[in-house]
Each structure stands twice: as C-alpha cells, then as structure tokens.
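Undergrad: Letter by letter, the chains look like this.
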Amino acid sequence: MGDFDYSVIFDNLPLLIDGLKVTFLLTILAVVGGIVLGTLLALIRIAKVPVISWVAAAYVNFFRSLPLILVIFWLYFLVPLFLGRPVGSFYSVLIAFILFEAAYYSEIIRAGISSIRSGQVAAGRAIGLSYPQTMRYIVLPQAFRSMVPVLLTQAIVLFQDTSLVYVVGLKDFLVSAELIANRDQRLVEMFVLVAIVYFFFSFAGSLYARHLQRKLSV
Amino acid sequence: MNYNWDWGILFREPYFDWLVEGLMWTVSLSLLAWIIAFSLGSILGIMRTCSSRPLQLIATAYVELFRNIPLLVQLFLWYFVFPELLPDDAGRWVKREMPMPALTTAIIALGLYTASRVCEQVRSGIAAVGPGQRNAGKAIGMNEWQVYRYILLPNAFRIIIPPLTSEFLTIFKNSSLALTIGVVELTAMTRQIEEYTFQGFEAFTAATLIYSVVTFTVMLLMRIVERRVRIPGMISTN
Numbered sequence: 001m002g003d004f005d006y007s008v009i010f011d012n013l014p015l016l017i018d019g020l021k022v023t024f025l026l027t028i029l030a031v032v033g034g035i036v037l038g039t040l041l042a043l044i045r046i047a048k049v050p051v052i053s054w055v056a057a058a059y060v061n062f063f064r065s066l067p068l069i070l071v072i073f074w075l076y077f078l079v080p081l082f083l084g085r086p087v088g089s090f091y092s093v094l095i096a097f098i099l100f101e102a103a104y105y106s107e108i109i110r111a112g113i114s115s116i117r118s119g120q121v122a123a124g125r126a127i128g129l130s131y132p133q134t135m136r137y138i139v140l141p142q143a144f145r146s147m148v149p150v151l152l153t154q155a156i157v158l159f160q161d162t163s164l165v166y167v168v169g170l171k172d173f174l175v176s177a178e179l180i181a182n183r184d185q186r187l188v189e190m191f192v193l194v195a196i197v198y199f200f201f202s203f204a205g206s207l208y209a210r211h212l213q214r215k216l217s218v
Numbered sequence: 001m002n003y004n005w006d007w008g009i010l011f012r013e014p015y016f017d018w019l020v021e022g023l024m025w026t027v028s029l030s031l032l033a034w035i036i037a038f039s040l041g042s043i044l045g046i047m048r049t050c051s052s053r054p055l056q057l058i059a060t061a062y063v064e065l066f067r068n069i070p071l072l073v074q075l076f077l078w079y080f081v082f083p084e085l086l087p088d089d090a091g092r093w094v095k096r097e098m099p100m101p102a103l104t105t106a107i108i109a110l111g112l113y114t115a116s117r118v119c120e121q122v123r124s125g126i127a128a129v130g131p132g133q134r135n136a137g138k139a140i141g142m143n144e145w146q147v148y149r150y151i152l153l154p155n156a157f158r159i160i161i162p163p164l165t166s167e168f169l170t171i172f173k174n175s176s177l178a179l180t181i182g183v184v185e186l187t188a189m190t191r192q193i194e195e196y197t198f199q200g201f202e203a204f205t206a207a208t209l210i211y212s213v214v215t216f217t218v219m220l221l222m223r224i225v226e227r228r229v230r231i232p233g234m235i236s237t238n
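Protein sequence lines, in the order shown, are assigned to chains A and B. Take the numbering used here: the last position of the first sequence gets the number 218, and nothing is skipped along the way. Take the numbering used here: the last position of the second sequence gets the number 238, and nothing is skipped along the way.
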C-alpha cells in the first residue's frame, strides 16, 4: 500500500470525468424513464381494468424475477436486431434500465398511491372530476410527495446498478477506470478510487434521503 | 427482422449440458453466499440493536460501507485489489493456489455484500417485535443474550420470512455478476451459447425461463413455510 500512486489519478482526470458523466447521464435518464413507465404501470394495476391490469402485474413480477445483467444482454442483442443496424450500446443499455427499473419503481409508486385515503378519490369524483383527473390532480401529487425519499433511495440503487454496463463495455465511470487500470498497471489505485467515488455519492444521497424522510414524516 | 429460429438448439449437445451446468453453478454460488449473508447478517442485526454502543457503531459502519459501494466494484476489489494488499505469500495463495479462486471470491463478495442487507431486515424484525417483549424478558431476570435467544430472535425471524426470501432471491439474481470475473454460471453459459451458435434469442429465452421458474418456485415454497410458522395474533399475519 506504501506505493499508492496518486499521479495516475490526476493524469487521467479528464477520462475519468468523461466516464462519470456517462454514469450520471445514464442514471438520470433511467430514473426519469423508470418513474414515468413505473407510474403508468402502477396506475394501470390500481385501476383494475380486466386483462390490462393483469398484464401490468405480470410485467412487474416477471422483470423482478430476472437478473439485471440478463436484461442488459437481452436488449444488447435485441435492439440492433429489431432496427436492422448496429446502434451504440448506450441506447440498448438505457432501454434495458428503463424496462427493468420501471418494475421496481411501479411497486414503490403503487404503495405510495395505496397510502392515500380512498376518501380523497371519492371527494375528487364528488366535485365532478373524472377518474384520470382525480388521479392527476389529487392522488398523484400527494402520493409523490410522500414517496420522494423512497424514490431517491431507489435512484441510488440505480446509480450503483449502472456499473453493470461493464458487461457490454459501455465507457461509464467503472469501465474508464478499468481501462486506465489495465493500461497503466495500476489496479489498486483505480479500483480504490472507484469505490470511494461511488461511496461518496451513494452515501451523500442516502443521508439526504434520510433527512427528507424525517422532514416529511408526521 | 432477419432471424433463423432453431429452438432445437437448446436440447442439442453440448448446449443442453451447458445450461444444466450453468444452473448448477448459479445455485451453488447462491446457496453458499446465502450461508455467509444469513449468519453474518443476523450477527450484525443483533449488534445493531443490542445495548452496547461500540457494537452498534461497528455494525452501522459495516452496513453503510457495504451498501454504498456497487456490488460489481466490491467484487473487483476482492478479486484484484485484496490479494495485492496482503503479504506476498498470502497474496499469491489467494490469487493462484486457493481452490477455484474466482468462485470462492464471488461467494465471499456476494455473501458479505448481502449480509449488510440481511442485517437491516433482522434489525427491522427485532424492532417489529417491540420493546415490550424485551423489557418483559429483562423483568423475569433474563440476561441480554437470553432475551435475544428465547424471545426476540424466534419472533423476529418469523416476521421477516418474506423480506428474507426476497433477499435470497436477490442473491440468486446477483450471482450473475460473478461472470465478470470468469465464473461460468447460468447467464455466462447462455452468452456462450449465443456466441457459439448465434441463436441468442433461444439461449436468452432459456435463461429467462429458468430464472423465473426458480424465483416463483422459491416464493411459493416460502409462502407455505411462512404460513406454517406464523405467529398467531399478529396484525401482519392476519
């Protein structure tokens, strides 16, 4: 440990920062996509439309039974096949993350919606709002407010999960660091740095989530 | 979409054997890692809820450390960095002479990571039993160890069967990460079939079905176990 070489980190800073940007971009897009698709799935399940609600439930349970790596491989294989031409791994990976995380987000959002008293829906209907309007203007705003800490916690999980793009070689933070590590024979320095950086962001995020939890709890 | 379907590939030699072998590695990896995760996680869960402040701190630090670093990075740390930090002889043993270095590393990394998650479940289980039970135990003259052994743990473990089941299934799914250090488990096998035959659709479908079937079977079995050991009179079990 005595010959820990800091210079390899500073010499390669631009490369590492580019990698970190990819990691954050992927995280943000996947969180947004996952929440949108997850909300849709949750609303469909709660609306109890015959067949369609069942399909949404099956979707959620199905994706929750699979390893993320397998889903990444699936999309990496399928997306170019469907488009008939090769595309960058970024898009196939992004689609994989959105499809996969939506299943987890939908469970969080469903629990959030279920925690709203049913009187709220009845009140909305009573003043003449349609069911979608009741959801849009009354139930969802309240549900999301109480869900923010849990959604943030899931976003941190997703942030960590993005490291799995390693299996298709997308140059995120981990892959960039690994390339430098192998090129310069500096595995110890690079992997320790990677661990510290992931820890820093995840820990800061989870502290903030806990702070929000305390602030929002009655 | 241009694709030549050939579902028969899955039942042809050697590919069928590959799938079976892959599943075997996945299952053994998961079970062995689960032994570490469950035992260490339970100990940490007890530490986090016990009366000793230093023990609480150690367990909390462990959970924060292991929960906030991605599992894949932890796997690399154990596999590439850990042997470098050891004295020369020990490092060489871990890297080369240890039996099945990749598999052993994967089991340990997966076990230690999941222990932090099991710890949180055990802690919430003990919290769910409530302080009244703990005080009742103390009042009848039990020491702290006895309170845990005879009152808190038997109740807590029964309450947390559902979350522990999903933690086990998380290990089962996370075992696929071992492919990054060269353990040829189920996902790696299907990837290999894809590369050999170009029948990616069939290979990935096989893996998908196997993972889903195992997951749903475990969930079904655990639901039966949960009903068998249910504590009468608890709100959560009604």
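Careful: at least some of the hints might be erroneous.
Covered, in the sense of this in silico footprint (three residues per stretch, anywhere, with C-beta under 8 Å from a C-beta of chain A), are these stretches of chain B [unchecked claim]:
id, stretch
1, 138-146
2, 165-176
Part of the chain A face toward chain B, derived, beta carbon under 7 Å [what the hints assert, rightly or not]:
id, residue
3, Ser65
4, Pro67
5, Leu70
6, Trp74
7, Gln160
8, Val194
9, Tyr198
10, Phe203
11, Leu207
12, Tyr208
FYI, nobody ran anything at the bench for these hints, they're computed from the structure. The beta carbon of each residue, even a glycine, is placed where N, CA and C say it ideally should be.
Undergrad: A separate judgement is required for each hint: does it hold in the structure or not?
TA: Right, here's what the structure says about each hint:
no., hint, result
1, 138-146, "violated (count 0)"
2, 165-176, "holds (count 5)"
3, Ser65, "holds, 4 Å"
4, Pro67, "holds, 4 Å"
5, Leu70, "holds, 5 Å"
6, Trp74, "holds, 5 Å"
7, Gln160, "holds, 4 Å"
8, Val194, "holds, 5 Å"
9, Tyr198, "holds, 5 Å"
10, Phe203, "holds, 5 Å"
11, Leu207, "violated, 10 Å"
12, Tyr208, "violated, 13 Å"
Violated hints, listed in ascending order, are 1, 11, 12; each of the other numbered hints is respected by the structure.
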